[in-house]
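A.B. asks: So the protein sequences, as listed, match chains A and B. This note's numbering applies: residue 1 is where the first sequence begins, and numbers increase by one. This note's numbering applies: residue 1001 is where the second sequence begins, and numbers increase by one.
For the record, the hints were derived by calculation from the structure and aren't laboratory data. Honestly, I wouldn't trust all of these hints.
To be verified - These stretches of chain B come out as covered by chain A in the derived footprint (C-beta under 8 Å, 3 or more residues):
1) 1013-1025
2) 1056-1063
3) 1129-1143
4) 1179-1188
Unchecked claim - Label-pair restraints from in silico Cβ distances:
5) B:Gly1023 to A:Ala409: 57 to 65 Å
6) B:Leu1166 to A:Gly232: 53 to 61 Å
7) A:Asp604 to B:Arg1165: 33 to 41 Å
8) A:Asp604 to B:Leu1166: 55 to 63 Å
For every residue, glycine included, the Cβ atom is placed at its ideal position computed from N, Cα and C.
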Amino acid sequence: MLETLLPILIFAALALAAIGAWRRIRLWRQGRPAEVDLLRGLAAMPRRYLVDLHHVVGRDKVMSNTHVTTAGGFVAAAVLMILVHGLGLANPVLGGLLLAASATMFVGSLFVAKRRRNPPARLSRGAWMRLPKSLMAFSLSVFLITLPTVGVLPQDAGSWVLALILSAVLVWGLGEMVFGMTWGGPMKHAFAGALHLAFHRRPERFSSMSGGKSRGEAGSTGLKALHLGDPGAKLGVETPSDFTWNQLLGFDACVQCGRCEAVCPAFAAGQPLNPKKLIQDMVVGLAGGSDAAYSGSPHPSQGLGGKSVGEPSLVRYGTPHGTIVAPDPMSGGTALVDAETLWSCTTCRACVEECPMMIEHVDAIVDMRRFLTLEHGNTPNKGAEVLDNLIATDNPGGFDPGSRLHWAADLNLPLMADVKQAEVLLWLGDGAFDMRNQRTLRALVKVLRAAEVDFAVLGNEERDSGDVARRLGDEATFQSLARRNIATLAKYRFQRIVTCDPHSFHVLGNEYGELGGPDFNANYEVRHHSTYIAELYDMGRLAFKPWKGGTVTYHDPCYLGRYNGEYEAPRRVLEALGIQVSEMARSGFRSRCCGGGGGAPITDIPGKQRIPDMRMNDVEESGAELVAVGCPQCTAMLEGVVDGPAEVRDIAELVADALVARPAGGATTATHRPLAEEVI
Amino acid sequence: MRPEQQGVEVTVLVSVGRHPVTGRARRADQDARGLELALGLERQLAGSRVSLLHAGARGEESEAALRGYLGMAAGAGMGLASLTLLEQAEGSDAIPALAEYLAGAPPQLVVTGSRAERNEGSGLLPYALAERLGWPLVNGLAAVEMIENGVATLLQALPRGQRRRLKVRLPAIVSVDGAAPAARQSAFGPARRAELEATSVDAEPDYELAEWQLAPARKRPKRLKIVKAASARDRFKAAAAKAEGRGGQLLTDVTPQQGAEAIVKLLKAEGVLR
Ligand code: SF4
Ligand code: SF4
């Protein structure tokens, strides 16, 4: 009886899954077109899964093993099941393999069940709680119905009652694993995830066969330019269908693991943003319906309107062609997403770094911000003022652009306009207008002079890099600033740009390239000052006196670390100074944002606590008396903490304080590099 | 529900501003506040329509600045998709052109900033227009409270945060300054999609302006207030105190004739009139 029933069940499930897949694909295709190399993507998919995805999943060893066992077992079992029971190839070898596969999957599902016993808050419950049972139902029933195939049990063992029960369990398993995969159950992540990896909007994020990633260690982190050429086109994302189709596909791949939630500084600060919920909101939008079935942590509520902080918000509704953020809170009805949710993000990229499904939260957030700023003129709080300043004065503070070099009146800095070429172009950044950052800049100039670096500055010809404008969604102002900067840079010859501002570093190094034209090459070699100082030290052009101060910790700026993969150089510089870094619990690629990125201090969305306060707590826990930083924003945010437990110094300042005269003949002989490398 | 109120036709006169630090063209601050006030009216009085009017030359820089006003209409959804540009050669007198246009299709309310950010910036334009059109003028407007049966109830801003409520028969001209609500953000998308409807108009060269010598404004020297205060309270009182008028005269319930005579007498005494 099972021989006739099984093929029917299996092929019915497959047929339903195919219909579901077709419907799901149609949902994704509501998005805007995107340029994707479909075949190459599909070909690269297994590697992206096995190498890149598991690189992220592997940070949690137990979970990674659980997933490999369960998913591997399932894929093998599913294929073999189709062969053995679907097509009736009841050969004992295949049957044996099928037994092994389903047994492996069963073991995996036990681990899944164990994890679900007491799930951490970041995991979603709801339908996800039944998943381990479904996995067991599938693996167990497949195992049992295969036993007769290999002759362990006689073909007609047991009664038809047993067979019926077995088939019922199998139907459950098939329902979850095959049908549910394309009809929106928890297993959807496998189907959407595989295609998302294949058609990812940043193919350059993934490693290639030859090893390294095509865009440096951090992969691809620059925002993509918005085409402003067509005046009639809607700018940014208003409705879910304004995302490109592969972005929608990406949202659908989310497994609700909540890793993004666990690392999001805005969420921890009680600001109304939970990246996981945001992605699920997008899924609600693309599929239509409400978020009533969502069973993870909500966006922390703002504590406004009488609700206490952290209370779940109202039920939200979304449709593919409905607006995501209601243009006006007065218009009644709840929006799918509140504008405050989007403006809470510091663009720290911690979520993207942790997401095992390689979802690009920041791109989506900025896409939606672009609509709010460019089409609605609705950048909150100081946003409008900052953007107006950028337009009128080329700097966010509205300072006289002719006063950019006032801090250096006594330093006699060589101007590019005079010297025309230099080895290093020192990019000052808008910190040039900030008294605190001016100390850092002066220290950096002192270091460069001590190492006899041939450098020059643009001086008053420099403009804001456009970082803040872009992250506030004002792509037009960003591109205007960028184009004028590119034209200025094109006038001079230099080998590299050095800057103490990681935001300028990121924008100049990763985002200007796309805007260069045939006339202007906008691909620059950009170094953070810590990288450059480390190089100078390695070349023996700097010498330091030993460190006498207390314990020091180092705060990785998001735009240096996660955005540009530079974790080593600042630590090498500190080591060269004789400092042993006492690391914070969250450092390196897991560093917690200072709260200063993405225009967050400008939009200033209230929460329960402030992000820099949390970061200063991290510093305190490390026991350090001094926190070394490498970013003007971080300096400002961390120094702004009331009663901060530690002093905040930029690496350049620490280096400048420790400078001593080089031993004679320093540059040529006393290199700090191992000899073997030097001889190359 | 609210009493039946009819929408009004509002024309906002907008000019090309000048950023105080860099001198770049921009939407002028006061004119933008005027538009903000008008846009607020549309929410108050359903069916109101706002139109924008500018007289001047057309150039790339000035066009970008004028589009700044159009970018304020995003989401307001009230027919602010265009701006009427009375195209004139550089250095022409805007007043006759504006007056003629407004007389031809009179709106009920004309809103304008008090003072331009370029050229003379004398602040005389609203007065000259009011004179030509024979309409009442209210300056320093803070809010339009109500418009009913062709009469507007206005709130005028006086120094030190004081307000005066006025009733004015429409059509009227109102001018706004820094006391009016700050202008909303201008959005790039709607700004560049909007139309500039240009019509050439007869240009009378502004002979007077041609006589003027323009130079960058210097900050006026300010007399330092010497405060001999012993305590913080005294310092605060000194800082918050009204400028003390001396030898002033308060005239109430006098005829216009008497008022004018008093003013002329004062001007003579001060040596302004001879
Ligand atoms: S977005 Fe990524 S990290 Fe966040 S819950 Fe979904 S899969 Fe996990
Ligand atoms: S980029 Fe940072 S702040 Fe924004 S959602 Fe991701 S983790 Fe949260």
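A.B. asks: Just pull the numbers of the violated hints for me, sorted ascending.
C.D. replies: 2, 3, 5, 6, 8
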